[in-house]
Structures are given as C-alpha cells and as structure tokens.
Amino acid sequence: MPTADAVPDPSSRPAEPASRGLSRRALLGWGGGLAAGAAVGAAGGFGVARASAGPTAGPAATPDPGATGVGAHRTYAFTGAHQAGIVTPAQDRLYLATFDVTTDDRDRLVDLLRRWTVMAARLTQGLPAGSLGPSSGPYDAPPDDTGEAADLPAAGLTLTFGFGRSLFVGTPGADGSPGVDRFGLAARLPAALVELPHFPGDDLDPARSDGDLVVQACADDPQVAVHAVRNLARAAFGTATLRWAQLGYGRTSSTSTSQRTPRNLFGFKDGTSNVKAEETEALDEHVWVPASAADEDAAAGTDSAWMTGGSYLVARRIRMTIETWDRSSLREQEAVVGRTKGEGAPLSGGTEFTEPDLAATGADDAPLVPADSHVRLAHPTMHGGARMLRRGYNFTDGNDGLGRLDAGLFFLAFVTDPRTHFIPVQSALATRDALREYLLHTGSGLFAVPPGVPSVPTGADGTPTLTEDAPFVGETLFA
Amino acid sequence: MPRRPLALVGLVALALPLTACVPNETAEVSAAGTAGAGGGTGTVTVSSTADACELSEDTAPSGTLRFTVVNDGSDVTEFYLLAEDGLRVVSEVENVGPGLSRDLVVQVAPGTYVAQCKPGMVGDGIRSDFTVTDSGTPVGPTGDVAEQLAAAEASYLAYVRDQSGALIAATQEFAAAYAAGDDATARSLYAPTRVHWERIEPVAESFGDLDPLLDLREADLEEGATWTGWHLVEKDLWQPAPEANGGVAYTPLTPEQRQVAADDLVANTQRLVDQVNAQDFTVAAFQVSNGAKELLDEVATGKVTGEEEIWSHTDLWDFAANVDGADVAYGVLADVVTERDPELATELTERFDTLQGLLAQHGSYDAGFAGYDTLTDAQVKELAAAVDALSEPLSRLTATVTGA
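So the protein lines, in turn, are chains C and R. One point on numbering: in full-length UniProt numbering, the residue at position 146 of the first sequence is 146, and numbering is uninterrupted. One point on numbering: in full-length UniProt numbering, the residue at position 203 of the second sequence is 203, and numbering is uninterrupted.
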C-alpha cells in the first residue's frame with residue numbers, strides 16, 4: 001500500500017471524503033470514471049441531479065455520478081428510469097426493512113405505495129416526511145415527521161422499494177396448501193421471482209426471511225436511514241406491518257469505480273470485481289431486467305412487462321463464525337478466500353484488480369487459486385459469465401448466549417434474473433466453498449424491484465406533494 | 001387599555017406598508033395543489049413584541065395557512081386569528097414564551113379576519129386586519145361546532161358516571177366474595193368487574209393518586225411501598241408457583257389481610273365515584289379525544305404484551321374494555337369529526353370495526369374471553385397490527401376536534 005500511495009498521478013483526485021483518504025484506484029490512474037459515470041447517468045435517468053454535479057462542485061467534490069451537492073449534503077434524485085440505491089455509489093449505512101401487507105384491499109395497498117413514493121421523494125432530498133415538518137402543524141396533533149433527522153443533511157439517502165413473491169401468490173401453508181392471491185396479482189408474477197431453493201447449510205429463521213414489501217434505505221448516516229424507515233412504517237400502519245429489519249454498517253461493496261474497495265468482517269476486501277455503475281453494458285446484461293424477459297413470461301401466459309428496467313434484489317443474512325475464523329492461520333484465510341488479505345490480489349498474482357488466473361499452478365502443480373477457494377467458485381467464468389451488483393453491509397446484532405458475536409455479512413445483490421445470476425452461484429458456494437465452514441445463512445429474501453418513478457408532483461411550496469393520481473413506485477404492476 | 005391600542009395602530013400602520021413593498025411574497029402561497037395530507041402551506045410570520053404585532057403579509061390565499069408566531073418580546077404572548085367581527089376566535093396559539101416560536105396551522109376560507117397578538121396575555125392586544133383571498137381551494141367547514149362539542153362533553157360525562165356506578169356495585173360484590181374466601185366466585189367476577197374500570201381508565205388516571213392505589217402492577221411497585229388494589233388481589237386469586245414468583249414460594253394473604261385489601265378496593269373505588277359525580281366535575285372535548293388515544297396507548301403498551309394481567313391472563317377483557325371506552329369517546333365526537341374531516345371519520349369507523357371484529361373472534365363479555373396465554377404469536381401480532389392501525393389515525397382526533 002505505501003508504494004502505491006506514493007505514486008504521483010496528475011489525474012488523481014480525492015475519490016471519497018478526505019477523512020477516508022485517497023482512492024487507490026484514482027491514484028493508480030483509473031481516472032476515466034467520471035466520464036463513464038456521466039454516460040451511466042444519462043442512461044439511468046438521473047436527470048437534473050447530474051447536471052449540477054461535476055465542474056461546479058469544486059475540488060473537494062466527491063466525483064459521484066448522479067449526486068447533487070457533496071459529502072453529507074449529497075442528494076440523489078428519487079425519480080428516474082431506474083430506482084436509486086442500486087448503481088448509486090454504496091453509502092456507508094443500511095437499514096433494510098420488510099413488511100407484511102395486512103389488508104386484502106388492493107386500493108389500500110396502492111394508496112400506501114403512493115404515499116410512500118411521495119414521502120421517499122421528500123426524504124431523499126433531505127425534506128421532512130410531511131409538508132408541515134417535525135415542529136409545526138396543529139399543536140394538538142402529532143407532527144407529520146418524527147423529527148430525529150431534523151437537523152441532519154440528506155447524507156446521500158436513497159430509498160429502494162421491492163415486492164416479494166408472497167405479494168403475488170401469498171404464502172404457502174406449512175401443510176403445502178397454496179397461498180392466496182390477495183390482490184389479483186398472480187398473473188403478473190414474473191417467472192424470475194422464484195421461491196429460493198433450500199441451499200445446503202441454510203439455517204433460515206422465518207422471522208428474518210421473506211416479506212411482501214421491502215424498503216432498502218441507504219445513507220452515510222444511520223440516523224437518516226432509520227428515520228426514513230420509521231416514517232414509512234408509521235405511514236403503513238393499518239396497511240402493512242414491519243416483518244423484519246436489518247441494520248448494516250461498513251458497506252462491503254463498491255458500486256462505482258470512484259469508491260475504494262471496502263472490507264468485510266473477515267478482514268478481506270469484498271466486491272473487487274463487482275458490477276460497477278460505470279459499466280453500462282454490464283449493467284444491462286447482469287442487473288437490469290430486459291424487455292425480453294417479459295416476452296418469455298408472456299409465452300407462458302404471465303404479464304411481467306412491468307419489471308422491464310427493474311432488477312431483482314437478493315438479501316441473505318450470513319452469520320460469520322468470526323471466533324473460529326480469527327483462530328485460523330493467515331495461510332488458511334488466504335487459501336479459503338483465494339486472495340491476499342492485505343492488497344486483495346488474487347493468489348495467482350498481480351494487484352487487486354488483476355483478473356485471477358484460475359489455471360496458474362505452483363511448484364507442486366497445485367492451482368495457485370485453490371479449487372475450493374471462494375474467488376474461484378464465485379468467479380463468473382464458473383457460472384456462464386454471470387455477475388452480480390453486490391451492495392452488502394456488515395452487521396453486528398449483539399451476541400449469542402455462548403458469548404460469540406452475532407455478526408456477519410448482510411449480503412445484498414441486484415441481478416437481472418436470480419435463476420441464472422444467483423441460484424447457481426449460491427448452489428456452488430454452498431456445496432464446495434471452503435468459506436462455508438465459517439458461514440451460516442440465517443435470513444433470506446428475494447424481491448422484484450420495479451423500475452423507477454418518472455416524476456413526482458410538487459405542491460405550492462415546490463416540494464413533492466401527494467395528489468390523488470400521483471405516479472408511484474410499481475405503478476405499472478397495478479395498471 | 002386606553003393608551004396601548006392607540007400606539008399600536010400607529011405601529012401596525014407602519015408595518016403594513018413595509019410588507020406592501022414586497023408584493024410577490026404572497027406568491028409563495030400558490031393556489032395550486034393544496035389537497036391531501038402533503039398539501040403545500042403558505043406561511044405568514046408573526047413577530048409579537050410588547051407594542052407591535054408585525055405580520056409578514058396582510059393577505060393570503062384561502063386554504064391551509066401557517067402562521068409562525070415568534071415572540072420577540074419579553075412577556076408571554078398569544079396570537080389569535082379572529083373572525084371579521086373581532087370577537088369569534090377562528091384559531092389561536094397560547095403560552096408562547098419569550099424567544100420561542102410556535103406555528104398555528106389553520107384552514108381559512110376567503111374573507112376578512114382580524115389578527116391579534118396579546119403580549120402579557122391580557123387586554124385587547126394588538127390587532128390588524130387580515131384578508132384571505134379566494135384561491136379556489138376548497139376549505140372545510142369552519143362553522144361553529146360549539147353546540148356539538150357541548151353535547152359530546154355532556155354525553156361522555158354521563159357515560160363516565162354510568163360506568164363508575166356499575167364499577168362500584170360490581171366491586172362491592174367482588175370484594176365481599178373475596179373477603180369471605182369464596183375464591184371461585186371472586187375469580188369469576190374479577191375480569192367482568194374490571195371492564196367498567198378499564199373503559200374509563202384515563203378519567204381515573206386524571207385523579208393522580210387513585211390509579212396507583214387501584215391498578216398498580218407488582219412490577220411497578222416501588223421498593224418498600226405498600227401494594228394495594230386489583231392486582232394484589234389478582235395474584236392472591238391466581239397464586240403463582242415459585243418459579244413464576246422469582247423462585248420464592250408465594251405466601252397467600254391471611255383472612256385479615258384479605259379483608260383489608262377488599263376494603264381498600266371498595267373505599268378507593270368509592271372515591272372515584274364521588275369525584276366523577278361531584279357537581280363541578282366536567283370533561284372537556286379535548287379530554288375526551290385524548291382519553292380515546294390514551295386508552296389505545298394502554299392497549300398497545302400493556303394489554304397487547306400480556307403484562308397487565310400477568311396472573312389471571314384476563315388481558316383480553318381489559319383490551320376489549322379499553323377499545324370500548326375509546327369507541328364511545330370517538331362516538332360522542334363523531335359528528336364533529338365527520339364535519340371537519342370526513343376521511344378521518346371513515347377511517348376511524350372502519351378501524352374500530354376491524355378491531356372489534358378481531359376481538360369478537362376471541363370471545364365476548366357474556367361468553368368470556370380467551371386467556372391471553374392461549375393466544376398464538378400470530379394472533380397477538382394480528383391484534384397488535386389492528387391496534388396500531390387504529391392508533392395512528394386516532395392520534396389525529398384531538399387536533400381535529402379542537403381545530404388547533
């Protein structure tokens with residue numbers, strides 16, 4: 001690391017807030033990111049937000065495609081062709097919540113999504129949830145915003161909404177009886193929104209799995225993220241209740257070339273070969289749902305055109321047996337992962353961003369990247385080229401009764417189709433990955449994340465406002 | 001009074017031309033899109049000092065209007081929006097301390113009004129005309145609902161007196177059975193008697209000391225304090241095994257102790273009855289609406305968790321009684337709510353019905369309710385969701401009733 005940091009590069013620029021140091025990639029001269037980012041912005045419909053980033057933002061600016069403002073005052077447009085919070089450079093904190101819909105009334109569900117959409121459009125811009133705010137309004141009424149984020153900037157908040165399979169076809173009974181299609185949506189269920197199979201080693205807690213609705217709140221300040229979910233949950237009373245939620249810290253992936261590769265709780269860099277915002281073609285191939293997916297579904301009698309331009313969110317709560325891991329030798333740790341712990345380079349050689357040479361062998365003809373290493377088994381070449389946009393976070397939820405941390409990786413990935421881009425990969429990892437000895441999957445969810453909301457109406461004060469026919473997230477599903 | 005208003009007129013006259021220099025300021029209060037909960041709000045800043053009441057605008061379009069009242073003086077102040085006659089109060093904020101700012105959000109119809117600051121909270125205050133132009137935004141009725149509110153207050157007072165009467169009669173019967181050692185009868189009377197208490201619990205709570213004397217749970221008992229009331233007797237009627245009693249064998253009350261506990265219960269209940277029947281005891285509309293919310297809060301924090309009746313597990317009786325009490329409180333105010341916020345009225349009616357329907361699945365006062373310990377987690381969650389669904393709109397009841 002010291003060597004690389006010492007290399008002066010005229011194209012280098014701070015890629016992250018100054019306190020986090022300079023980006024290795026920027027220093028190594030991967031300076032093409034900004035231009036590529038702008039291209040993604042155009043494709044991704046970031047709209048006006050992009051226009052004011054860039055040159056005017058000044059030297060301390062985070063080169064962040066899609067953002068308005070810098071640092072904690074950064075905001076991302078809620079509207080666009082795709083939902084924000086997917087290719088958006090991964091923020092530091094996560095609060096992900098899933099909900100059970102408690103009504104059978106389709107109109108009430110639509111009403112909730114409409115109210116959520118307006119609230120999300122407000123909250124992501126650093127505005128209070130309601131137009132009156134936390135310290136105004138009728139004195140005898142509770143304020144329309146809970147207030148804990150009143151003096152905090154938007155902190156790059158994004159809110160991303162998705163639908164679970166149970167919203168379409170209900171939850172099958174324990175006795176195998178079929179679930180109930182409460183909202184007349186069964187014919188809109190995309191084939192890709194499967195029930196995930198049981199993977200070897202799964203120890204899933206139903207109270208930490210599934211859900212009709214999901215909200216992914218990401219921000220650099222956990223209080224901002226929790227505030228958003230709290231206010232959305234408040235608006236949901238009578239229509240949906242919280243099912244489970246997960247707080248995450250220390251993003252374990254970078255989703256933009258402008259970001260440094262972070263580390264997971266194993267102490268290794270995670271997400272080095274992630275699909276990045278700047279890779280427009282890769283996003284189309286591996287992340288966004290193409291129109292052709294709807295054509296295939298149509299042949300089977302299902303109308304899933306509403307998902308075109310959307311993505312599928314896979315959530316897995318993966319507990320790490322950290323104590324055991326910490327007792328393993330550096331040799332074993334690197335062999336299990338297939339990368340060096342310091343630099344993150346593949347054991348076949350090079351630097352962090354060198355492609356692993358899976359064929360390379362050492363003196364004893366054994367592969368340098370071991371056959372059961374995580375890098376090899378997860379490598380796209382092992383899965384027909386399939387890649388994911390990972391957006392996971394570390395978690396620590398206290399400890400168990402045995403004095404061990406209940407900690408690990410809250411794995412989040414956005415993929416074009418979980419049947420090709422997640423299930424085969426996880427099947428391979430669950431049966432052969434040397435890492436599996438240190439992992440326990442304790443929660444799981446798969447959600448259809450619809451495309452973005454084109455626009456949100458504004459009221460007299462110029463801020464997003466609820467109207468009777470306001471566009472809402474997932475509107476095409478209910479059309 | 002003779003001197004002050006004169007000085008004020010001059011100041012107001014000065015203030016108005018100042019604001020008139022900024023003709024476009026009211027433009028922020030656009031006529032468009034103020035419908036729904038997220039509607040835009042025009043803001044008028046009011047600066048109240050000892051001798052001035054300066055408004056940032058003297059005119060605004062009809063719809064939702066927010067006055068941000070800033071007390072720039074050194075006395076506590078008030079701000080009133082009065083009808084054209086300068087007498088009828090349209091809306092008000094009181095008790096704004098020096099240096100503080102408070103918002104008054106009000107629905108205003110087109111017309112002429114009088115804005116009034118009252119520094120020191122006495123006298124005629126400082127007045128100026130305030131004009132509301134027609135923006136085309138529909139504004140709910142702001143008519144005089146005083147009669148409806150008075151009827152609601154009278155009706156609720158009668159309910160409280162009726163329930164307290166039923167409570168004392170049933171308590172006497174219960175206490176007698178318990179003191180006589182007729183545990184079977186006492187156990188059968190326990191929950192049905194408490195129903196009358198739970199229906200009007202916020203009223204009892206308003207008398208400060210009565211609630212802890214009658215309804216304190218063992219977990220809330222201060223170290224060294226004497227435990228009296230319903231739950232002391234409950235524990236003695238449903239005596240816990242040592243493992244449910246902190247590992248200690250439960251010591252039953254002696255016949256003498258039973259008599260004392262029974263007498264306390266009756267005497268304290270009688271105090272409640274006497275207080276609510278006193279000539280000067282009244283209930284204001286905001287107390288009725290706040291009481292409804294408090295009853296649901298009781299359900300959400302005590303009953304849904306099964307903590308209230310930890311020995312008898314008769315929580316569902318209390319639960320149903322709390323909901324009844326809230327339903328009655330809402331019922332007496334329903335006309336006012338229907339007039340001022342019909343959507344809220346519809347929502348509350350629906351959600352009371354849902355919750356009552358859900359409770360009916362678990363029993364009735366006549367047939368008895370299921371023990372709370374027999375409910376599944378899913379059933380408890382379903383009840384909790386229905387309580388939350390009702391509590392959220394119910395928290396807006398008071399503001400709707402008081403219009404403030």
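Simulated from the structure, these hints should not be mistaken for lab results. Keep in mind it's a predicted model, so treat the numbers as computed, not measured. Don't take every hint at face value.
[Said to hold, decoys possible] Taking beta-carbon pairs under 7 Å as the criterion, some of the chain C residues facing chain R (in silico):
id, residue
1, 142
2, 146
3, 237
4, 241
[What the hints assert, rightly or not] Chain R is nowhere near these chain C residues, computed Cβ spacing over 10 Å in every case:
id, residue
5, 138
6, 151
7, 366
8, 380
9, 397
10, 432
[As the list claims (entries may be wrong)] In silico contact screen, one side only, chain R against chain C (beta carbon under 10 Å); selected entries:
id, residue
11, 68
12, 245
13, 384
14, 389
Cβ coordinates follow ideal geometry from the N, Cα and C atoms, glycine included.
The hints, checked one at a time:
1. 142: holds (5 Å)
2. 146: violated (12 Å)
3. 237: holds (4 Å)
4. 241: holds (5 Å)
5. 138: Answer for residue 138 (chain C): violated, closest chain R Cβ roughly 4 Å.
6. 151: holds (16 Å)
7. 366: Residue 366 (chain C) clear of chain R: closest Cβ-Cβ about 52 Å, beyond 10 Å.
8. 380: holds (42 Å)
9. 397: holds (20 Å)
10. 432: Holds, because the least Cβ-Cβ distance between residue 432 (chain C) and chain R comes to about 38 Å, which exceeds 10 Å.
11. 68: holds (8 Å)
12. 245: Status violated, d = 24 Å.
13. 384: Hint holds; residue 384 (chain R) Cβ to chain C Cβ min 8 Å, cut 10 Å.
14. 389: holds (3 Å)
Comparing the model with each numbered hint stated earlier shows that hints 2, 5, 12 do not hold.
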